[in-house]
Each structure stands twice: as structure tokens, then as C-alpha cells.
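Peer 1: Below, each chain spelled out in residue letters.
Protein chains: 2
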Amino acid sequence: MKKVAVIALGGNALLRGDQAGTIDEQEQNTTDTLENLVHLIREGYELVITHGNGPQVGNILMRNDAGEMIYKIPQMPLDICVADSQGGIGYMIERMLRNVLKKHNIDKEIVTLVTQVLVENDDPAFQEPTKRVGKIYSGEEADKIAGEKGWIFKEDKKRADGWRRVVPSPKPVGIMNERVVETLVRQGTIVIAAGGGGIPVYIDEEQRVRPSEAVIDKDSASSLLASQINADEFYILTDVSYVYINYGTPQEEKKEFLNYNDTVKYLEQGMFGEGDMAPKIHACLDFIKRGGRKSVITEAFKLEDKSYGTKITMEYED
Amino acid sequence: MKKVAVIALGGNALLRGDQAGTIDEQEQNTTDTLENLVHLIREGYELVITHGNGPQVGNILMRNDAGEMIYKIPQMPLDICVADSQGGIGYMIERMLRNVLKKHNIDKEIVTLVTQVLVENDDPAFQEPTKRVGKIYSGEEADKIAGEKGWIFKEDKKRADGWRRVVPSPKPVGIMNERVVETLVRQGTIVIAAGGGGIPVYIDEEQRVRPSEAVIDKDSASSLLASQINADEFYILTDVSYVYINYGTPQEEKKEFLNYNDTVKYLEQGMFGEGDMAPKIHACLDFIKRGGRKSVITEAFKLEDKSYGTKITMEYED
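Chains X and H supply the protein sequences, listed in that same order.
Our numbering puts the first residue of the first sequence at 0, with every later residue one more than the last.
Our numbering puts the first residue of the second sequence at 0, with every later residue one more than the last.
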């Protein structure tokens, strides 16, 4: 039986922070990243690809703001903007992957799903919005919008009088279409799903699906998806090749293998950057705890080498 | 064996011309439209839902323009804008349909696919762009952009010195993921696909999938999809309940039934509005010619009544 892997593309896989965000840049980065997945496909893996949407949905939010300002076009809520970004990015990944596979003479079907991800409306995250989205406003503008729309703002430390909307980042508790994803991937189709952590929705008291003005951590949603479809392995492709402990100290140590208990211990000791590596480690551990065999954190181009990245498993292997 | 129907939602199914385009309006219209599909589901139909994207992709294009103007965010090409609209609209339809089915105690899985549709790069439509997209420019602006980006403009008859970009509307020749759509729908899943006529792509001389700066007629793509998945029936839901011949003359006649040959004859006689009803008739006839059993043109709310709409079949039924 073939192995199923969920691959979460993030960081500079699609768009680097130093780039303007043109479609040419995005297509080139995406192709470079996807080239590396060929190694996994040749090894016999069936793949589900998830992806971040930070820069893209940021741009969509800014365009909504500008469109209202100049043309009085009603702004779309956050859920629609995330859904838009799934369409655009998912299509781009699918098209570039079709071309990469063609180049390597690999014949596989690829399909892109628009994915809703369930959160709980009483998730404590709703009491404390933390995730910055959209444009930077002046204090005066922020006050005005807060009054009009009920948005919550936090100061942006990077510039004077800069305020950004913050939204909650609740925990994903269910993936819509998970059975469809599992069926398709086990039939040999590459599935692109749960982009940007999924479109956040919750079930209200009348059992209706309602949009949630929130964003879900992409790695957390991807980890849950991996568990729900009974994937064997979960990969987070990011901008570092390995996880380190005691990073930047004389005791700095690159970790090629980590077991569950040691990783929990390092996490509790604050060995991993809170806003950055710690959420990735949590996502990897969650996958293992729920029965997944192996989580991997690495850079895309490391996939060509069997010794790539940091492997997290329940126990150290001999 | 259950019957499969492809339902193309268009016109005022999602957003009426007299509305501002807020998300509340769109969600309400969508729910009202989808309520009517319950009749078909209760009759045992398996459904594929396609949809237009005119107002939505128009707004996305305008926001791209505004975002570049105010925030210098690079504009996305037309294919990405169409893909974005598939994500946002597809998600909205899926979520509203989940709630409609829940209300009626119908338990069915629903999935939304981001769909590329193949065109031929030497389609004669590329010689004569006809489809107006995006904002209205002044002649001076249009000249400048034509020089910079190579866009083609035509005068907008509705206002003085108003120019709009025109893009080709090539014929769809293939639907990506058609086998996936067919498999899912025959397993009982409702599939939302080919939104906005699909993201237009073509295969270049090196067998790569490339984006096409074009838009595909939604009814034409939906008709092709219906044929490719061997659907039994094809419905175009629009803003008229019936097709008429000699419309607006003393000989005006409402047609509840039409056979293939008579419809071709009426079409050749120019009985149907060129920019409006004629393309819908063409899409219906194409479906019949390729072996489909029945095409229907009507309004969504007519679906509750067995005698709804204009039915086009190869031969008149007794």
C-alpha cells in the first residue's frame, strides 16, 4: 500500500518577503518548490498539498480597502477573502504542478478543493485576537473603523502611529470534505486543499454553518487534515533546513531526529521561537500524538536528499 | 440508476444588477436560488452546480486596479482573478447549500473544485476580442494602458468617453478534472465546479498548461462539462421562465417544448437575442447534439413545478 503524505507549503515556498508579489515571481517560486515534490512522488508517496496565504490574502484585503475607497465597491468579509485566496493560489499550484509533472513524464491527476475548516465559536482565542491582518492604519483611522465595524486594532511596532486589525486564531477542530480528500488521494489523485489554514467556519446553535472572522494557523489545520485522512507522514516546508535547540548560543545543536517526549520537553523549555517555530512544532507533535508516523520540518530543496530535515517520531528509530 | 443534472446558475441567481453587491445580498440571493434545487434532489437527481462570476470578477478586477493605484500592489492577471472568484463564490454556494440541505434534513456531501477549462490558442475568438471586463476608462487612460500592457479597448456605448477592456471569449474544448467530477457526483456528492466558465488555459507547443487572457462563456463551459461527465440533463437558470419566439411581436409565442431541428431553425432566423438568449440556446443544443437527453432554460423558482421552463430535446416527446 502506498504511503500518503501531507505537505504544507509555507514561508518562501510561494512568495518571499523581499519580493513585490507579481504573478511571475509567485509562479517561479511555486515551480521551484514543486520540483522538489517529484522526489516524494518517485518514492511512491501519494500527496496532499496545503499552503499558506499570508502575503496573498494580505493583498486581497488591501485591494478590498482600496476598491471601497476609489470605486465604492462593498468590501468582502475575511472568509470570502480567504476563499478567494484559496482559488487563486490553489489554481496556481495546480497549474505549475501539472507542468512540473509533465516535464518529468509523471501522469497523475491533480485537483484543487475550496476547503472550509471548523472552529468552535467559544474557542478562547476569540477573547484575545492576536493575528495581524490587512493594511496599516493611523490611530485616527483605526478608531473610526473600530467604531464602524467593531474591528479590534493593535499597534504595529514597526512604525509610529501604525495600527493593524487583529483577528482571533482559533484551533481547527474539523476539516470539511475530509472523506473526499482521503478517497481522492488514495485513488492516486494529488489533492490541493485547506489553503491558508482553511476558510474558518463554525456550527451555530441551529446547526447552520456560519463564517468566522478569524484566521486558522496553516500548519495546525494541515496537521489536523493529515490525521483525519490517516496520512502516514506530515511535512512542513519552511525557510529553515533543520530545527535547532539552544539556537544562537554556544550550545546550539541541529536536530535531525526528535522523539515525542524530548520535543515536548524542549517546547516547555522555550527552545523554539514562539511566533515562528513553536506553532510548527505543536502541529508536528499533534500529528504524532493522533497516530501519525512521522512529521518532518525542512526546506523544500532538501527533499532530494534522504537525510533531509528534522524528523519527529514517537520514539527514536534505530 | 440516479439521474445526473448539471445546473448552471446565472443572471440574478447570485447577484442582481440593481444591488450593490454586499455579501449579505449575495448570500440571501444564493440561498433563495438553492432552495429550489431541493426539488430536484428530492426527485433523485445527483447535481453538479456551475455558476457565473460577472459582477464578482468585475469587482475583483476593479479592486486590483484600485490596489495598484493606492498601495502599489501588483495587479494579478485575469486567470488569477477568475480563480479567486471561483474560490469566493464556490465557497459561498457550498456553505449556503449546506445550510439549505440541513434545513430540509437532506444529508449529502458537497465539494467545490477550482476548475481550469481548456481553450485552443488559435481559436478565431483571439482575433476579435468581444467580452467587456473591468472598469470604464477615459480615452486617454485607455490609450496609456493599451501602450503599457497591450490591452485592447472598445468604446462603452453607455457613456461619453468611456472605454472598456475587451478580451476574447474562446470556445471551451476540455474540462480539467472531468473524471473527478463524474466520479464524485456518481458517488452522491454535489459538486460545484467550472465557476465563471472556468479558468481559461491552453496547452502550448511544449505541452505546458498556460493561462489564457480570456473569459469563457459560462453556459458553454457548463454544457461541455455536462456532456463530458455524461449528465442526463442540463439546466440553465436565468432571469426568464420560458424561451419565446417572435418576442415582442403580435406572433410572440412561449415555448414549453422545443426539439433540436426547430430550435436550430429559430436560431438561424434570429429569433433569440444575440448577446443574451442565443448563447444559452447554443449551449443547450450542443448538449443535446453530444447525446444529452434534455436541456432546460428557466428561472430558479420554477423548479418546484414539473411544468417549469422550456425543455429542449432531440425529438418532441408524446
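In case anyone wonders, no lab produced these hints; they're calculated from the structure.
These figures come from a predicted structure and were not determined experimentally.
Don't take each hint at face value.
Identical copies carry no separate label here, and so any pair may be met within one copy or between two of them.
The list that follows gives simulated cross-link-like pairs (lysine-lysine, DSS-like), each with its CA atoms no further than 25 Å apart [what the hints assert, rightly or not]:
| id | residue 1 | residue 2 |
| --- | --- | --- |
| 1 | K71 | K134 |
| 2 | K253 | K1 |
| 3 | K71 | K130 |
| 4 | K71 | K157 |
Peer 1: A separate judgement is required for each hint: does it hold in the structure or not?
Peer 2: Hint-by-hint comparison with the structure:
Taking the closest pair of Cα atoms, K71 and K134 come within 25 Å of each other both inside a single copy (18 Å) and across two copies (13 Å). Taking the closest pair of Cα atoms, K253 and K1 never come within 25 Å of each other, the shortest separation being 31 Å inside a single copy and 58 Å across copies. For the homomeric pair K71 and K130, the shortest alpha-carbon distance between copies (24 Å) is at most 25 Å, but the shortest distance inside one copy (27 Å) is not. Only between protomers do K71 and K157 lie at most 25 Å apart by alpha-carbon distance; the minimum there is 20 Å, versus 30 Å within a single protomer.
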